[in-house]
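2 protein chains.
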Amino acid sequence: MSILNGVIKRESPIPLYYQLKEIILSELTSNRLVSGDYLPTENELMAYYQISRATVRQAMSELVNEGYLSRQKGKGTFVSKPKITQQSINRVETYQEKMRKIGKNAGTKVVYCDIIMPSATICQALSLSKQHKVIRLVRIRLVDEEPIVVAETYMPYNVCSFVLEHDLESESLYAILSENEKTRIVTAKRTIEAVLASESAAKMLEITEGDALQVIKTIALNKENIVIEYTTAKYRGDRNLFIVETQVEV
Amino acid sequence: MSILNGVIKRESPIPLYYQLKEIILSELTSNRLVSGDYLPTENELMAYYQISRATVRQAMSELVNEGYLSRQKGKGTFVSKPKITQQSINRVETYQEKMRKIGKNAGTKVVYCDIIMPSATICQALSLSKQHKVIRLVRIRLVDEEPIVVAETYMPYNVCSFVLEHDLESESLYAILSENEKTRIVTAKRTIEAVLASESAAKMLEITEGDALQVIKTIALNKENIVIEYTTAKYRGDRNLFIVETQVEV
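One line per chain: the protein sequences are L and V, in this order.
Counting the first sequence from 1 gives a position; my numbering is that position plus 5.
Counting the second sequence from 1 gives a position; my numbering is that position plus 5.
No lab work stands behind these hints, which were simulated from the structure alone.
It cannot be assumed that every hint is accurate.
Given that identical chains are not distinguished, each listed pair holds provided it fits within a single copy or across any two copies.
[Stated by the list, open to error] List time: in silico SDA-like cross-link candidates among lysine to any residue, alpha-carbon distance up to 25 Å:
hint: 1; residue 1: LYS194; residue 2: ILE140
hint: 2; residue 1: LYS194; residue 2: GLU27
hint: 3; residue 1: LYS114; residue 2: VAL148
hint: 4; residue 1: LYS88; residue 2: THR251
hint: 5; residue 1: LYS86; residue 2: GLN129
hint: 6; residue 1: LYS106; residue 2: LYS222
hint: 7; residue 1: LYS194; residue 2: ALA238
hint: 8; residue 1: LYS88; residue 2: SER205
hint: 9; residue 1: LYS80; residue 2: THR213
hint: 10; residue 1: LYS135; residue 2: SER17
hint: 11; residue 1: LYS208; residue 2: ALA111
hint: 12; residue 1: LYS88; residue 2: ASP216
hint: 13; residue 1: LYS138; residue 2: ARG15
hint: 14; residue 1: LYS135; residue 2: THR223
hint: 15; residue 1: LYS138; residue 2: PRO18
hint: 16; residue 1: LYS86; residue 2: TYR23
hint: 17; residue 1: LYS138; residue 2: MET122
hint: 18; residue 1: LYS86; residue 2: GLU204
hint: 19; residue 1: LYS14; residue 2: ASP119
hint: 20; residue 1: LYS228; residue 2: ASN185
hint: 21; residue 1: LYS114; residue 2: ASP42
hint: 22; residue 1: LYS14; residue 2: SER132
hint: 23; residue 1: LYS135; residue 2: ARG15
hint: 24; residue 1: LYS14; residue 2: CYS118
Just so it is clear, the structure is predicted and the values come from calculations on it, not from any experiment.
With the hints as extra help, turn the sequences into a complete structure.
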C-alpha cells in the first residue's frame, strides 16, 4: 500500500470525509498518484486514519462520481485517466483540428451512413417537412483507440447527397460541406446539457448505462440561414472537459 | 389512458423501441403531452402497440435518462418540467441578470459564508499559498422555490474581506466585487463537465445521488490578472440547458 501524504485533523470543523477527499485530491494535483495507480483499500484507509468505513466510502464515492477515480470490481479503486481537455466549445471546428491542437491521435468509425425518412424531432431541427429524405450519419470518435464521443448527424438529402460519395472515416464532414457554397457552414446554434447514458449510447461508448454524458447539440446553417446539419454529440463525461471562452459583462 | 398519436411500422428498419421513443418525443414537441402529464403504463403501451415489455422499457428509460420524462414510484412516468434555458454560458453575468432575462423568479440561499484555511485544490485555483485564509461562500440558487444550482465560491480573504459585510442572499456578489477596483472581475476562465451527483450535492439540490450534474468551474481575475474568485457550480442536469454562442472557423 502506498500511504497517502496528509493528515486528518479531528479538531477541524471540516467533515472527516471531506478532509480525506482533499488529501486524495492533493495527491492527484501533485502527481504523487497518477492515472492507473491503485488507492489503498477501504480497510487500509480506515486503519491508517482511524476513521469509519462510511467516511472512507463517502470520500471515495464523491471522487468516483466526479470522475477522478474509477472502480474495478474485485480489483479496487484506481486513478482515472485525465479528461481530454477540449478547447473552445464556442468554436465550431472540425474534430480532427481540435484533436490535432491537443496532440491527440484521433480516429473515426462510421456506424451508420444511410438515407432515412426523418422523425418529427429531426424534421423540426432541420426545418424540413416530413416528405424530405435525410442523410443519417452516426460516427464514433476515438482517441488513442478509446471511444470518447458518438455523434448522430442529420443533413437534408436534397442538398447534401454528394457527401455520400466521400470516405467519412478519413475526411472531415465540415471540409466536405465547404466544397459547395450552398452547404458551407457559416453559423451554428449550440446547446449543452448533462444527461445519463442510455443503454444504446453506453454500448457504443464502452461505458455503463447511467454514467454521465455531456450532450452537445449543434444546428449549423449556411450563409442563407438554411439548416445544413443537425448533430447530437454524446461525450463521455469521464473523458471530456470543455473550456469555455468567456466575456465579462458585469 | 391518453392514447398516443403515431404508429409503429414493423417493416421499418428502425428499431421498435426507437420508433416508440420518437412517437413520445413528437407528442412532447407538439405539446400534446405537457409537463406533469402521465404517460400510459407499460402494460397499456405493450397492448396498444403490440410490443414487448423490454421494448417499452428501453424507450422509456432512454427518455428518462435524457431528462424528458421522470419516474415517480408507484405513480408512473410523467413529462418532466422543461429545462431552464440559460443564455450564453460564455458570458460571465450575474445570476440575477441571467434569470431576469428569461423571466424567472430567482432566489438565493446562503448555506455557508465563513473564513477557512484553504485545501490544496483551492490554493491551486486561487494561486495562493496555504497560509492565506479564504472566504468560503456556498449558495443554493432557486428558481420558483426549486433548487437548480449549488455554487461553492472561494475568495482570498485579504482582498475580499469587505464582501462579508454584505447580504449575499439579496445582493449580487459580482456587483459587490466591482465596488472595489482591486476586486472587480474583468476576465474569467471557465470549464464545463458532466458528472454524477454525490450524496452531499444531491441533498442540497433535492435530487438523487447518481443523477446527472453539469459542473461549471470559473476562475475569475481582476485587471491585474490576480485570481479573485474560484467557483464550482453544480447545476441539476434535469433542470438546466445552456446555450453556447459559437464562432465558425472551418
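task = Check each numbered hint against the structure and report the violated ones by number, ascending.
result = 21
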